[in-house]
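A.B. asks: Protein chains in written order, with the working numbering: chain D, 1 to 289; chain P, 290 to 586.
FYI, nobody ran anything at the bench for these hints, they're computed from the structure. A few of these clues could be false.
What the hints assert, rightly or not - Computed cross-link-like contacts, SDA-like style, restricted to lysine to any residue with a CA-CA straight-line distance of at most 25 angstroms:
| # | chain 1 | residue 1 | chain 2 | residue 2 |
| --- | --- | --- | --- | --- |
| 1 | D | 107 | P | 294 |
| 2 | D | 106 | D | 93 |
| 3 | P | 394 | D | 13 |
As the list claims (entries may be wrong) - Cβ-Cβ distance ranges computed for the label pairs, FRET-style:
| # | chain 1 | residue 1 | chain 2 | residue 2 | range |
| --- | --- | --- | --- | --- | --- |
| 4 | P | 293 | D | 115 | 55 to 63 angstroms |
| 5 | P | 472 | D | 150 | 24 to 32 angstroms |
| 6 | D | 82 | P | 483 | 49 to 57 angstroms |
| 7 | D | 23 | P | 369 | 19 to 27 angstroms |
As the list claims (entries may be wrong) - One side only, chain D facing chain P, incomplete, derived with CB under 10 angstroms:
| # | residue |
| --- | --- |
| 8 | 22 |
| 9 | 35 |
| 10 | 66 |
| 11 | 118 |
| 12 | 129 |
| 13 | 171 |
| 14 | 173 |
| 15 | 174 |
| 16 | 184 |
| 17 | 185 |
| 18 | 187 |
| 19 | 189 |
| 20 | 228 |
| 21 | 279 |
Backbone N, C-alpha and C fix where the C-beta goes; we use that ideal spot for every residue, glycine too.
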Amino acid sequence: MKKSLGEICFNIFNYTLLSVIAATMILPLLQLLAVSFSSPIAAESKQVFLFPMDFTLGTWKHILQNEVLWRSFGVTIYITVVGTFLSMLFTVLTAFPLSRREFLLKKPIMLAIVITMIFNAPMIPYFLTVRELGLMDTLWALIIPGLISTFNMIIVRTFFMGIPSDLDDAAKIDGCNDFRLLFQIYLPLSKPVLATIGLFYAVGFWNTFQPAVLFLRDQTLWPLQMRLRGYFISPEALAEVNLVMGDYDFNTITLKAATIIFATVPIVLVYPYLQKYFVKGAVLGSLKE
Amino acid sequence: MYLENIKKNWMLYVMIVPGILYYIIFKYIPLFGSAIAFQDYQIFKGIFGSPWVGLENFKFIFSYQDFFQVLRNTVMIAFYQLIFGFPAPIILALLFNEIRLMFFKRTVQSLFYLPHFLSWVVVGGIVFELLAAEGIINAIRELFGAAPILFMQEEGYFRTIVVISGIWKGVGWGTIIYLAAITGINPNLYEAAVIDGANRWKQIRYITLPLLFPTILIMFLLNIGNFLELGFDQIFNLLTPMTYSVGDIIETYVYRAGVLQGQFSLTTAIGLFQSVVGFILLWVFNRLARKSEQGLW
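In isolation and in its complexed conformation, chain D is listed as follows:
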């Protein structure tokens, strides 16, 4: 087919624009990566663009030796693993009965749940409730209050409803009870959707911030995001050790850049493997009301 001049112009414009937008999504990270491998002098004199200047590993050595940062990293891994597992369990256990035709309370319970999507409780009563439960200054405060995301629960429920009911008739005749039906028949069939919501939960726990701000006074429990925030506000906390050690191949600029990369690397590493799942999940979740 012949293309008109206007169409060619539009194509050039469109490809260029989208390339530029896509570039802005990755270039800031690459720039900070370059800064984190540059000497403090180069970083301060604004010479580092996409390649390190005066390449040095000093910043990274310092970061990777920082026990406090690793401790927060450990906390984040812990809440991500435990939180994601418990969230999936709670979500699946809630979604399954709500997907069954024979479950009489299906409608009123769904209504009660959807109401909580429209009316959010204000921050303070929420805070007071969690405090009354004695969760302040425990890692459970980062896990339990967010156990079920209604959005994810509805995705799972929709998926369950799409599984043909002939299957469970057959299973029931063979004497399969509801728990076995869920765990041995429905869950194996639901792997794609479980991978999707698992990813959503894991990213949520990995990025947990507000609950830590609200519920953790004890700094030893701080997850990674909270620790990063602390370092961004007062980079001295990160740099302190260096004065004692007399090691000066980094400064607050390179340290901040390196901590940002430190927190981003795990996500970027798992990202390519998960990409095929999350698009499907996002579509499922938003189309189904």
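Go by the hints and put chain P onto chain D.
C.D. replies: For chain P alone, kept in the frame of chain D given last:
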């Protein structure tokens, strides 16, 4: 009949118990806990022992200078986000849909989704670093001989930064739903249009956009209920004391005055006001939507 059903399906009833407890404890109790907005809540007396004061707290916040500043900041940022942030993924999806090169499409798509997975702490960190005195933006400005600007400390830039960083983080993710809707459009329509001599622009104008409209409407309604809820994480991580006057929003204010300073009743009243405004907006727009197309309910 109920008894029989419970007897037969008792396992389903057992299964849902954890979920129900979760929703009661973490959604409904805090919701009813909002009652402290009508009390002079005292921490040691609790919600049952604290004296009721009617609308005193609401009267107070409406006579309170701080509240109006915070409300104005919230409404303005929300408004800018609606005008610039809401259409952004729609426009991007339309442009993206015109791409025919599969390799290009896949690469660009991966990059678009990436920022969604970064936390606001990290994005805030990136924004601060890029806009710092030694940051890359100022380095580029210097190449052109311009003096460096401390963007994050200046009131004039704050709202722009909030809107742009919000678009940067969310726009790619936001396109997913619109792209899915566009994919669902019957290709015959486009073929017929091409035969009738419609160019790409006309195809977008007369086929894609009208058929995309129901999706846009639903996304709009889902957004409007949270109009005043801008997201604590974003603002908290971009705000500095120098930008409070333009950037302090309801959520950050409630955190400082409520959680940190213990003004529980007053800040709950503010939070309740926020929720009620959200609900009214949702209700009004849903009614309007139902008149033309279909609404959320």
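A.B. asks: All hints, please: hold or fail.
C.D. replies: A quick look at each hint next to the structure:
Restraint check for residue 107(D) and residue 294(P): satisfied, since their Cα atoms lie roughly 15 angstroms apart, inside the 25 angstroms limit. As the CA atoms of residue 106(D) and residue 93(D) are separated by approximately 13 angstroms, the hinted pair is consistent with the 25 angstroms bound. Note on residue 394(P) and residue 13(D): the hinted pairing holds, with a Cα-Cα distance of about 15 angstroms set against a maximum of 25 angstroms. Between residue 293(P) and residue 115(D) the CB atoms are about 29 angstroms apart, so this pair departs from the stated range of 55 to 63 angstroms.
The beta-carbon spacing between residue 472(P) and residue 150(D), approximately 26 angstroms, falls within the hinted interval of 24 to 32 angstroms. A beta carbon spacing of about 55 angstroms between residue 82(D) and residue 483(P) agrees with the range 49 to 57 angstroms that was offered as a hint. Checked against the hint of 19 to 27 angstroms, the pair residue 23(D) and residue 369(P) passes, with Cβ atoms roughly 25 angstroms apart. Checking residue 22(D) against chain P by beta carbon gives a least distance of about 4 angstroms; that is within 10 angstroms, so the hint holds.
Because the smallest distance between the Cβ of residue 35(D) and any Cβ of chain P comes to about 8 angstroms, under 10 angstroms, the interface hint for this residue holds. The closest approach between the C-beta of residue 66(D) and any C-beta of chain P is roughly 16 angstroms, which is over the 10 angstroms cut-off, so the hint fails. Nearest Cβ of chain P to the Cβ of residue 118(D): about 6 angstroms, under the 10 angstroms cut. The hint holds. Interface restraint check: residue 129(D) against chain P, minimum CB-CB distance 5 angstroms, threshold 10 angstroms, status holds.
Hint status for residue 171(D): violated, given a least beta-carbon distance of 13 angstroms to chain P, over 10 angstroms. For residue 173(D), the suggested interface contact is broken, since its CB lies about 15 angstroms from the closest CB of chain P, more than 10 angstroms. Taken as an interface hint, residue 174(D) does not check out: its beta carbon lies about 16 angstroms from the nearest beta carbon of chain P, beyond 10 angstroms. Because the beta carbon of residue 184(D) sits about 13 angstroms from the nearest beta carbon in chain P, more than 10 angstroms, this interface hint is broken.
Contact between residue 185(D) and chain P, as hinted, is not supported at the beta carbon level, the nearest pair being about 14 angstroms apart and thus beyond 10 angstroms. For residue 187(D), the interface hint is violated, since its Cβ never comes within 10 angstroms of a Cβ in chain P; the closest pair sits about 13 angstroms apart. The restraint placing residue 189(D) at the interface with chain P is violated, with a minimum CB-CB distance near 18 angstroms, outside the 10 angstroms limit. At a threshold of 10 angstroms, the smallest CB-CB gap from residue 228(D) to chain P is about 5 angstroms, leaving the interface hint in force.
Here the hint on residue 279(D) is kept, as its CB sits about 6 angstroms from the closest CB of chain P, short of 10 angstroms.
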